[in-house]
Amino acid sequence: MIYLDNAATSWPKPPSVAEAMTDFMDHIGANPGRAGHRLAVKAGQLVYLAREAVAEIFHAPDPLRIVFGYNITESLNLGLKGILNPGDHVITSSMEHNSMIRPLRELQKYGVELSIVKCDVEGRLSPSDVEAQIRSNTKLIAITHASNVVGTLIPIRDIGAICRKHDILMLVDTAQSAGSYPIDMQRDNIDLLGFTGHKSLCGPTGTGGLIIGERVDEKQMKPLIQGGTGSYSEHEEQPFFLPDAMESGTLNGVGLAGLIAGIEWIQKEGLDNIRHHDMMLTQQLINGLLQIPKCIVYGTHDARKQTSTVSFNIKGMASSEVGLRLDEEYDILCRIGLHCAPMAHKTIGTFPNGTVRFGISYFNTNDDIKRAIEAVAGLSQEIT
Amino acid sequence: MSEHQYTILLVYSSSYAVRAEKILRKEGIDTKMIPIPRHISSNCGVCVRIHTDDVNDALEVLDNSNLPLDGVYNLD
Ligand SMILES: Cc1ncc(COP(=O)(O)O)c(C=O)c1O
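Sequence order for the protein chains is P and F. Each residue of the first sequence is one higher than the one before, starting from 1 at the first, in full-length UniProt numbering. Each residue of the second sequence is one higher than the one before, starting from 1 at the first, in full-length UniProt numbering.
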C-alpha cells in the first residue's frame with residue numbers, strides 16, 4: 001500500500017511516537033497539573049516538556065505562551081474570536097481552509113469587517129495586495145502558511161513585516177508546513193501561530209495549539225472556554241495568566257507524549273533533510289504527472305515554492321473515480337474533492353469538482369512516486 | 001538552621017512549578033514539587049518545596065528569571 005494522504009494526516013508515524021504514548025499510559029497516566037502526588041507531578045512535567053519541544057521547533061518566545069488544544073481548528077477559533085471584536089477589520093486570503101474562513105464568516109455576523117485578498121491561479125499571494133487592503137481599523141491579518149490544496153507557500157515573513165509597519169497582528173495557520181518547512185516565529189514576524197500535531201509534526205490526532213507572541217496582550221484576549229486549570233481553585237473567575245487563562249480542562253497527556261516524540265524525531269532527522277527529501281519527491285511527482293497528456297497539474301510546478309502536496313485531475317474522469325480506482329486497483333491512498341477549502345478551489349478554477357491530491361511525507365520513497373505516476377498514466381490511457 | 005526545615009514557594013500553577021524547579025535545579029538548589037499544604041492555600045495545585053537554608057539564593061535566582069511568586073511560607 002502507498003499512503004499519499006499525508007496532507008490530511010501523516011502516516012506512518014515514527015515508531016517512537018506510539019512507544020511514548022504507551023509508556024505514558026503504562027507508567028504516568030495521571031492528571032497533569034491537578035493533584036500533587038508523584039504521578040501527577042510527572043504528568044505535569046511531561047506537559048511542560050511538550051511546551052518546550054513546541055517552543056523550540058517554532059522558536060516561540062516562551063513555552064508558557066503556548067495554549068494546547070484539540071487541533072488547529074480549535075486554535076484558529078481561539079486566535080480569531082479571542083482577538084477580534086465588532087468594528088475590527090481583518091484580512092485573509094482566498095486560499096484558506098474552512099477552519100479559517102468559517103470562524104471569520106461567523107465573526108462577520110457580529111460586526112467584524114472582513115477582506116479576502118485574491119491569490120492567483122497558482123495560489124500565490126502578493127504582499128502588496130495585502131497591504132493595499134489595510135484600513136485604520138485593521139487589527140489582524142490571518143493567513144495560511146501554505147495551501148492545503150496545491151501546497152503553494154505564502155510569503156508570511158514579508159506580510160508579517162507589513163503588519164509590524166502598520167502596528168497590526170499576524171495570525172498564521174501552519175497546518176500544512178509545521179514539521180516539514182522551517183518556521184521561526186521571531187524571524188517570520190508571527191504574532192499568533194496555530195499548529196496541529198497530527199500532520200508533519202508526526203504526533204497523534206487530538207493535539208494542537210496556539211502560540212501567543214509577545215506583541216499580543218493576552219489580557220485583551222478572550223478565551224474560547226473557561227473551566228478548571230488546577231490553579232487558583234479558590235477563585236470562581238478564570239486565572240489571568242497564560243496558559244491557564246485560555247487553557248481549561250484536562251489536557252491530552254497521552255497525545256502530548258506522542259507529540260514530543262514526533263518533534264524529537266524531526267529534530268533528530270533534521271528539518272533541512274526532511275525538506276530536501278520532500279522537495280525531491282515533489283518535483284519528481286510534478287514532472288512525472290506533467291508528462292501524462294490528459295493530466296492537469298495545479299499549482300506552481302516548482303517544488304521550491306510549495307510543500308509536498310500536489311493536486312491534479314485527469315481530463316474526462318471525475319476525481320472521485322480516480323480516487324476510488326487508485327485505492328482499489330493500485331493500492332494508493334489519496335484524497336479527492338474540495339479538501340475543506342472551497343475558496344481555494346474557486347481560486348485555482350477547480351470548484352465545485354475539486355481535484356485529486358497527493359500528499360507526500362518523509363516516509364515515502366522514489367519508488368512510491370514512480371508507482372503513483374504509473375497508476376495515473378494507466379488510468380488516463382482509458383480516456384479516449 | 002537544620003536542613004530539615006522546609007520553605008514553600010507558591011507559584012501560579014503547575015506549569016510555573018515545573019519551570020521554577022528547572023531554574024532552581026540548574027543552580028544546584030534541591031527542590032520537590034508537593035501538593036500545596038491546606039493551611040497555606042485552598043488551591044488544589046502543587047507548589048515547590050525547598051530547604052529553608054536555600055531561600056535567599058532561590059528568591060534571587062527566581063527573581064532574575066522573572067518568575068512570579070504568589071507567596072513564601074516556612075513550614076514548622
Ligand atoms: C491549511 C489547513 N488548515 C487547517 C486544517 C485543519 O486541521 P485540523 O483538522 O487538525 O484542525 C488543515 C487540515 O485539514 C489544513 O490543511
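Because the hints were derived from the structure by calculation, they are not lab data. Every residue, glycine too, gets a C-beta built ideally from N, C-alpha and C. Just so you know, not all the hints are guaranteed correct.
Claimed, not checked - Cβ-Cβ distance ranges computed for the label pairs, FRET-style: (1) F:Ser-42 / P:Pro-352: 31 to 39 Å; (2) F:Asn-66 / P:Ile-296: 49 to 57 Å; (3) P:Asn-366 / F:Arg-25: 46 to 54 Å; (4) F:Asn-66 / P:Gln-133: 51 to 59 Å.
Let me make sure I understand: some of the numbered hints might not hold for this structure. Which ones are they, in numerical order? 1, 4
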